[in-house]
Every structure is written in C-alpha cells, then in structure tokens.
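Those letters in the sequence shown? Residues 1 to 363, per the numbering used here, in order.
Any given hint could be a false lead.
Unchecked claim - For each label pair, taking beta carbons as the anchor points, the in silico distance ranges come out as: (1) 159 with 187: 53 to 61 angstroms; (2) 226 with 278: 25 to 33 angstroms; (3) 189 with 108: 41 to 49 angstroms; (4) 146 with 189: 25 to 33 angstroms; (5) 222 with 359: 18 to 26 angstroms.
Claimed, not checked - Result set (DSBU-like, lysine-lysine): computed pairs, CA atoms no more than 35 angstroms apart in a straight line: (6) 252 with 276; (7) 291 with 303; (8) 238 with 352; (9) 358 with 303; (10) 238 with 356; (11) 307 with 276; (12) 252 with 307; (13) 204 with 238; (14) 352 with 291; (15) 307 with 238; (16) 352 with 303; (17) 356 with 303; (18) 303 with 252; (19) 252 with 352.
Honestly, the hints are just simulated from the structure, not real lab data.
In this text, a Cβ means the ideal position worked out from N, Cα and C, and glycines have one as well.
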Amino acid sequence: MKLKMTALAVLAALPFISTQALAQSTSATNLENRVFGSVFAEYYMPDIDKTESAAWNYMGKDTGYGIELGYYLTEAWAIRAEYAKLDLSSELNGSDADGDRFGIDVLYHFLPKAKGAYILGGLKRMDAVQNTTALNMGVGYKHFFSQHFGIFAEANRYQGIDESYGDAGIKAGVTFAFGANAAPAPTPAPAPAPAPAKPVAPAKPADSDNDGVMDTNDRCPNTAANHQVDPQGCTVFKETMQRVGDVDVEVKFGFDSAAVSADQRSEIIQLAAFMKRFPESEVVIEGHASKPGNDAYNMLLSKRRAKSVADILTSEGVESSRITSVGYGETQPRINDSTPAANAANQRIGAKVTAKVKEPVMR
Numbered sequence: 001m002k003l004k005m006t007a008l009a010v011l012a013a014l015p016f017i018s019t020q021a022l023a024q025s026t027s028a029t030n031l032e033n034r035v036f037g038s039v040f041a042e043y044y045m046p047d048i049d050k051t052e053s054a055a056w057n058y059m060g061k062d063t064g065y066g067i068e069l070g071y072y073l074t075e076a077w078a079i080r081a082e083y084a085k086l087d088l089s090s091e092l093n094g095s096d097a098d099g100d101r102f103g104i105d106v107l108y109h110f111l112p113k114a115k116g117a118y119i120l121g122g123l124k125r126m127d128a129v130q131n132t133t134a135l136n137m138g139v140g141y142k143h144f145f146s147q148h149f150g151i152f153a154e155a156n157r158y159q160g161i162d163e164s165y166g167d168a169g170i171k172a173g174v175t176f177a178f179g180a181n182a183a184p185a186p187t188p189a190p191a192p193a194p195a196p197a198k199p200v201a202p203a204k205p206a207d208s209d210n211d212g213v214m215d216t217n218d219r220c221p222n223t224a225a226n227h228q229v230d231p232q233g234c235t236v237f238k239e240t241m242q243r244v245g246d247v248d249v250e251v252k253f254g255f256d257s258a259a260v261s262a263d264q265r266s267e268i269i270q271l272a273a274f275m276k277r278f279p280e281s282e283v284v285i286e287g288h289a290s291k292p293g294n295d296a297y298n299m300l301l302s303k304r305r306a307k308s309v310a311d312i313l314t315s316e317g318v319e320s321s322r323i324t325s326v327g328y329g330e331t332q333p334r335i336n337d338s339t340p341a342a343n344a345a346n347q348r349i350g351a352k353v354t355a356k357v358k359e360p361v362m363r
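Construct the entire structure; sequences and hints are all you get.
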C-alpha cells in the first residue's frame, strides 16, 4: 500500500508541477554533455500468461515507481540507468507479486530542437516472482520548461528473453538536467568614434604645361608654349593649300591632235600614283603650244591636250574634284622662238601640285 501511495503522489503532482513550470518555460534548452536525473510513476501491465498462471502468482496490473540517472551525449542521443520498484497485485491468497527492475536504455530524440518525441531501447533485469531478463523498447515525449526542469511520458514493451512473455508499462515523471546555464557571450564594447579628420586646404588647380587650361580639363597635355590652344588645351591649327612642286609631263602630240599615245602615258600614271598616296593633294594641268599657227587655235588645242591628261588621271583613280585643266596656248613659251627645237620644247604639259597643310596658330 505504501508503494501505491508513493506512485499515486508522483502522478498527482504532475499536473500541478506542469502548470507552475509553464509560467517559466523557455524556448531553447541546451542538453548536450549534461547529466540528468528523473523520478517517475509507472502503470505496469503483465502479459496475460502471467495473470493466468500460478507460477507467476496470478500477477495483476498495478503501479510502481522509480528513478533514473543519465547523460546527454548530444542533443539527440542519451543513455540512462533505471531502477524501478513494482508493487503488483496478486490473485493468489497469501502471496504478492512485488518486485524490482533495473537496467539501461539508449534514447534517440528525433526532434531534438523541440525536445520532444524520442524512441528508446534497452536491457532490463526483473525480479518479480521470478528472475528474468527482458529487452525493452518504447516511445516517449519530453518537454523542458527551462534549462533544467522538464516532464516526460513513455510507453514501453518488455519482451522476455529467457521466458516468453510481453509486458507493457506506461511511465510519467519529472526530469532535471544538471549543469549551469551557458553564460551569454559578452557584448563587445563599442568601437571608439574616429577622430575628426584634420581640415585639408584645397589644392590649387595645376596647369603643368602653362597653356592656360587647368590639368583637370586639359585633354592635350604638354602642348608647345608658343601654340594657341582651344578650351580643351589642344593646339589650334589653320589649314592652307601650299604648292608641293611643278612637274613637267613629257607628252608628245601629233599634228593638230590632243590624243595621248599609249607609250606616253607612263609619266601621267606616275603623277596619278603620287596623288593617290597624298589624298590631300590637288593638281592643275597646264597645256602649252608652240608659236606656229593661229593664236586662237593654239589656245583651244592646248586646252584639249590638258583635258586629255586630266582624263587619264581620272581613269587612274584620282578624283576629278582634285584636278583642274587649263590651256595657255603659245602665251608662256619655254623658248621664245619658232625653230624646230623651240617648237619641241614649247609643246608641253605642265602640272602644278598643291597640298593642304595644317599649321599651328602661334600665340
């Protein structure tokens, strides 16, 4: 009777303890590497073979209580040792079925963060009417209300090894995890405020090449000191057409003809090649005639001959906009005479070549 009253006292205290502890519950309990102890009450249900057998004193369902001592290996795994006192009833007059149970269990909390459900397995030695060894397995639920205090409930199956039986038990109890709470990490001291920066005098704008444009805006550094520059610091240029040189093109024409024979085109082709190498160049083709003949006719003939040379330059790839042809007739003779030698010298084609030249504007 005394055992029954003790077990009932534990069971009766659970609702009150739970209610009080709920007011102090915490959201996180760190159990790893901590020792725990528990007390529990158990309602024990023997196998039907025991309740109907004289060898087991017609053992009946009844209560017991016990203690546990264990260790949390991790948040999920724990081991424990158990001792239980069973105060079992008996239908056999003058006998009882009281006994002891002790053993070890391994627990696996498969919801460790919630400190909730777990499964367990272990080995038990039981001394109740007969001495037997049993394997036990079960499921349970545990809830901690603080870093130390919690409650639990379990359902177990006890399977006899040397005797074929299968008992069951339902446990409920309180558990206490030993060990101090982990000290919170100290709050680091705030970093000192940085010292105010010393005022720095603004740097004077620099003009490295002394052209009057500051370096920050100067896109053409190191311009010549005597060059006029634009707002970006670049030299200002002017473009002029300057004569590159005068070229005599030796072309012989037939009498009263402006046609250029194939064997006399070489000098004209050389002039075309020169102008293509210098695309800024321009040329004036000047036609001249000898003194014999009518002045007006010689003027027209010289213009036709100059145009014939200009047409060859165009056919060689020189733009017509860069070519001017003029005729001077007999007004600019090389030799002022009518001898055969003078006539041969005066029947000529001249070429004046000019090019566009960029020159810096000086200060």
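Checked hints:
no. : hint                             : result
1   : 159 with 187: 53 to 61 angstroms : 55 angstroms, holds
2   : 226 with 278: 25 to 33 angstroms : 28 angstroms, holds
3   : 189 with 108: 41 to 49 angstroms : 43 angstroms, holds
4   : 146 with 189: 25 to 33 angstroms : 31 angstroms, holds
5   : 222 with 359: 18 to 26 angstroms : 19 angstroms, holds
6   : 252 with 276                     : 25 angstroms, holds
7   : 291 with 303                     : 15 angstroms, holds
8   : 238 with 352                     : 22 angstroms, holds
9   : 358 with 303                     : 33 angstroms, holds
10  : 238 with 356                     : 10 angstroms, holds
11  : 307 with 276                     : 19 angstroms, holds
12  : 252 with 307                     : 14 angstroms, holds
13  : 204 with 238                     : 34 angstroms, holds
14  : 352 with 291                     : 23 angstroms, holds
15  : 307 with 238                     : 32 angstroms, holds
16  : 352 with 303                     : 15 angstroms, holds
17  : 356 with 303                     : 26 angstroms, holds
18  : 303 with 252                     : 15 angstroms, holds
19  : 252 with 352                     : 19 angstroms, holds
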